[in-house]
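All chains, please: the whole structure from these sequences, using the hints.
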Amino acid sequence: MKLLQTMLALQEREGWLSDETLSQLAKETGEPLYRLEGLRSFYPVFQEEPGAKHVIEVCRDVVCRMHGAPAFHEELLQELRQDPDVEVREVSCLGRCEQAPVALVDHHHAASNATEVRLALDGQAQAHNVLQAVDAATDPYPTADAHYGMFKTLRDGAADAGRDTVIDELKASGLRGMGGAGFPTGMKWAFTRGAKGGPKQLVCNADESEPGTFKDRCIMETLPHLMIEGMIIGGWVVEAERGIIYLRHEYGEAAEILRRELVRARELGVLGPDAFGPGKPFDMEVFISPGGYILGEETALLEALEDKRGEPRNKPPFPTNVGLNGLPTLMNNVETFAAVPMILQNGGDWWQSQGTNDCPGLKYMAVSGDVAKPGVYCVPMGTTVTDLIARAGGVADGKQLLAFSPGGASTRFLPADKADTPLDFDAMQKAGSALGSGAFVAVAEGRDLLDLATAQARFFRNESCGKCVPCRVGSNKAVAMLEDALNGEVEDGLAELLHELDDTLAQTSICGLGQVALSPVTGVMELFPEVARRLGTKEDA
Amino acid sequence: MSNDTVKLTIDGQATEVPAGTSIWDAARELGIDIPVLCHSTRMRPVGVCRMCVVDTGARNLQASCVRPCEDGMEVDTRSEKVEKHRRMLLEMLLADYPEDSARDAATGDDELLNMARDYGITEVRLRDGASGRPQGVDLSSPVIAVDHQACILCDRCVRGCNELQHNDVITRSGKGYGTRIAFDLNTPMGESTCVSCGECMAVCPTGALTNRALADLKLEPLGSD
Ligand SMILES: Cc1cc2nc3c(=O)[nH]c(=O)nc-3n(C[C@H](O)[C@H](O)[C@H](O)COP(=O)(O)O)c2cc1C
Ligand code: SF4
Ligand code: SF4
Ligand code: FES
Ligand code: FES
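Chains as they are written, first to last, in our numbering: chain Z, 1 to 541; chain E, 1001 to 1225.
To be clear, the hints were calculated from the coordinates, so they are not data collected in a lab.
Keep in mind that the hints are not guaranteed to be accurate.
Derived pair list, reagent style DSS-like, types lysine-lysine, alpha-carbon separation capped at 30 Å [said to hold, decoys possible]:
no.: 1; chain 1: Z; residue 1: Lys-152; chain 2: Z; residue 2: Lys-196
no.: 2; chain 1: E; residue 1: Lys-1084; chain 2: Z; residue 2: Lys-430
no.: 3; chain 1: E; residue 1: Lys-1084; chain 2: Z; residue 2: Lys-315
no.: 4; chain 1: E; residue 1: Lys-1007; chain 2: Z; residue 2: Lys-196
Predicted, not measured: the structure shown is a model, and the values here were computed from it.
Written out as structure tokens, the structure reads:
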């Protein structure tokens, strides 16, 4: 952590990391030059050139693309071409998809049109808009005075048996990880608690970077005490001494809010030297990621915390056994931790009963794309897609639904006739897609699904770490061929080749990024005949 | 039998190995050769080329050089499924490979090209990146020629330089498709802290790092065209 934090501070102070700066750092730390080059060139926050005074980062990913991002980018380029003080670049999803299209001015101020960009450049940015989740129902506390009550009861009441009771309650609740993989949370806590070696490590994965996903931002900004209490309880259960919140760097407001909440928690004595009882310390800190979607992959994240290039590890071993610095590590998503206090307050059965259609619990869905009211909606697990869209004001402009992506860039688009599918891990899988991280994107009639699926594949290509051959080379070749196809150049055998590439990426890539990179593309080829026709499937040849 | 060993079968042959043994090592003990590009018995395995994938019955194939054996595993090292994906991986690497490999020309031990010949790969259906996106040549070192276009990022030179020789010069630089190897702070090899020990070119499986004295160089420096 220390080396990357030092490099972040230098980048912040000087605006770039010159060879001189890094040579000096090498002398001071004894780190070899090659290692610093490896880090500087891997993380997008680090710049190798001095750059302009102002930077405008325009999101190029799917939701913004649906809302005119290419034209927005072009307009900014035209308007600011003459201004040597301003640099306009395209970047991956900024986690503000409900405001699409979005640009970030000077890494901090979100703007959705050229006027807002201008104002931000002139130092008159609009105030940050804190997004409230609609129908949020996971806060057990009627007033702020009662915050952290669940943890205090656990700590002050029960003996050691309390730790296993927490795990039993989580197992009974059916809570599954909300970061994308849906792994049963109680089981993960039990594995980490039972793992050999220590002290145990605790990490909250707050790197949320998948296009369409912004629910963690909303939870961190409006319910930070729940996430932090969930982490404290997790730390108590696995008997950790410290926790780390791994936060994407574009979430500056969340960073401030979380840091304030950590101060408050220390004042309340639930963090600090006696947090787990007299003489039993527990504390936590916010680590700002130097950037890149791949860092959300749990082992890449751990590599970053160990001051390495954030390339995923080969698994097994899994972090519950061999995690941060080789120690057993409990890592959960923001939403997963934030659900814990409520579950313990009301019991696992209560959580189960909150869902409908036999699905357990509540889910924060980030809803964007072609809906009238994009935002974060807290819904019973098992709510149908039709219902969710209705809550979000229906399809935008009164149009018909064409398709939807239920859970993020890696989850396949399903046709509108699947809109009666319940939002649930198993049900979505059965329907041919996945609930993923809960990034729901609605697509109205008239949209080009091949273009949107290609945008997803392009995102994965852009964010590939490059460690393994299939993902590094395969995602690049596939996107190149898809872009040709969108321009009307369809080579013979293209459909066949894309399926083969998808298969090899899924079978041989190291991590989830490469494994799913082409799935949205083959998905639209399989489920939407008009897309298949354009790519010249064998049937039509 | 102690707790510290695991029993499994590889291509139908039963074996018992110490816990933690990689599938690749266990197969080798049985005389089964699994193809590798990034792995070398002298080095810590990194599992990046994926040529050594095998079928363990799991959801996806496993890279045998880094995958520990498990009790009861039934491993298939050369099913049609496995070979199909190996061929596609080779096709990917060949798509960006230069026309001429300095290693192939000089010493004939270009492991990528030899493996492609073994697999009978004659056609590459993927778009050629060698012409579209040349990665460049670095002839600044008097001893070692660097052809970035022929680099398959196996990380052997990185491990050879830093972990075997402790010379601490080579890294991966950049990210994704733009990744390449670099010396120190991405300086030309001849101006870096390289001591010309030759380890990197000895372990390099391709025409990316070769001996200038031996190589029939068809390489041209950057910007010469
Ligand atoms: C490429 C990739 C990116 C990921 N990004 C995130 C992320 O931003 N946030 C997150 O919580 N999980 C992310 N995950 C999932 C994590 O690896 C991990 O499963 C999760 O943090 C575990 O927490 P959970 O069990 O509470 O879901 C990502 C996975 C992959 C493969
Ligand atoms: S699958 Fe892609 S992102 Fe994952 S390790 Fe391989 S190259 Fe990196
Ligand atoms: S230069 Fe050779 S040894 Fe080094 S990564 Fe490239 S192919 Fe491997
Ligand atoms: S902010 Fe543009 S897609 Fe998320
Ligand atoms: S030899 Fe195992 S991944 Fe390269």
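Each hint, compared with the structure:
1. Lys-152(Z) / Lys-196(Z): At roughly 27 Å apart (the allowed maximum being 30 Å), Lys-196(Z) and Lys-152(Z) satisfy the hint.
2. Lys-1084(E) / Lys-430(Z): Judged against 30 Å, a Cα distance of about 28 Å means the pair holds.
3. Lys-1084(E) / Lys-315(Z): Holds - the C-alpha atoms of Lys-315(Z) and Lys-1084(E) are around 23 Å apart, at most 30 Å.
4. Lys-1007(E) / Lys-196(Z): holds, 23 Å
Of the numbered hints listed earlier, not one is contradicted by the structure.
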